[in-house]
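Protein chains in written order, with the numbering used here: chain P, 432 to 649; chain Z, 129 to 231.
Check each hint, because a few of them may be wrong.
What the hints assert, rightly or not - With a cut-off of at most 35 Å between alpha-carbon atoms, the simulated DSBU-like pairs for lysine-lysine come out as follows: (1) Z/K191 with P/K497; (2) P/K643 with Z/K207; (3) P/K643 with Z/K191; (4) Z/K164 with P/K643; (5) P/K548 with Z/K179; (6) Z/K179 with P/K643; (7) Z/K224 with P/K548; (8) Z/K227 with P/K548; (9) Z/K224 with P/K594.
Bear in mind the hints are in silico, worked out from the structure with no lab data behind them.
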Amino acid sequence: MNDTRQQLEHLAEMRSLMERSTRFLSLSGLSGVWAGLCALAGVFAVYQYLEIGPFAFQDSDLYYNKAIRTIKWGADYRSVFVLIATLVLAAALAGGVFFTTRKARIRGERVWDAASKRLLWAMAIPLFTGGLFGLALLYRGYVGFLAPSTLIFYGLALVSGSKFTLRDVEQLGMLEIGLGLLGTFFPGYGLALWAVGFGFLHIFYGAWMYWKYERTES
Amino acid sequence: MKDILSQLNPAFDHRNRLGIMSVLAVNDWVDYNTLKELLNLTDGNLASHLKPLEAQEYIEYRKQFVGRRPQTTYAATEKGKLAFRAHLDALEAMLKIGKDMED
């Protein structure tokens, strides 16, 4: 049935059009891997600043109690945390834009189109809310909730954005939210959970998505 | 089989028109250039496929200015969405029969 085959081809094409016109599919897995590496570098810097290690849970000092008392490198923890966070964010974003632009070019698609705008908009509200909330926590001295709250709001942003990009992002978002909630109940593990969520999960999901969607393209 | 074939909408018997309806079925308003790029069509070609859909009132358009440049955006009408869905149902039924006959 030649006609059937032709109709099937049409259906496949329609499906692809629906996907491409609503979802931003050029998001590169390498962006995730890079973001994860930046996050781990940031956590490493924080550990250096506080002079503790990732496995110092048993320390009677929870890391954030230590933070409040630490003055090192000529700065208190607020300035150091904000500086490290800004650097990590800037590096992660720059790399993310780089790898995603590269993937879009390989696929012959535009980076700045209706779908990518929708993706960014869907993520913007949870991200800005979380960013301001985090700053408030920091300036009010609730340092223990800082790491978990960034995980939660970032996770919400991913879940909300996942409707407009690769579906795997939703699962990553759920895991980030889960880690964040865990951190609110066990504040002493906040930084370690942050390293897992922003560091290892990004690397793992990024590599997996790269393997799944891009291996054959580049 | 005959019966189902008659339910296939002749307005959608071209892949580009199916493509236009697919994009408009899942998006609110899509501008002309985005449609052109998504479907990989030339100006004249896209216009010639939009026209019959407009004539059937399956799609509507509005013109506005973005900065100084005029922009035309398109959307599927309720009527268009219903017709498109009916067409997809008919296609599905047809493919099912086709598959049963092969089995």
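Verification of the hints:
1. Z/K191 with P/K497: 61 Å, violated
2. P/K643 with Z/K207: Distance of about 39 Å is beyond 35 Å: violated.
3. P/K643 with Z/K191: Judged against 35 Å, a Cα distance of about 41 Å means the pair is violated.
4. Z/K164 with P/K643: Holds, because 29 Å separates the two Cα atoms, which is no more than 35 Å.
5. P/K548 with Z/K179: Cα-Cα ~29 Å, so holds.
6. Z/K179 with P/K643: Not OK: Z/K179 and P/K643 at ~40 Å, beyond 35 Å, violated.
7. Z/K224 with P/K548: Answer violated: Z/K224 to P/K548 is near 38 Å, above 35 Å.
8. Z/K227 with P/K548: Status violated; Cα separation ~41 Å.
9. Z/K224 with P/K594: Since the Cα atoms of Z/K224 and P/K594 sit roughly 30 Å apart, the hinted pair holds (cutoff 35 Å).
Hints 1, 2, 3, 6, 7 and 8 from the earlier list are contradicted by this structure; the remaining hints agree with it.
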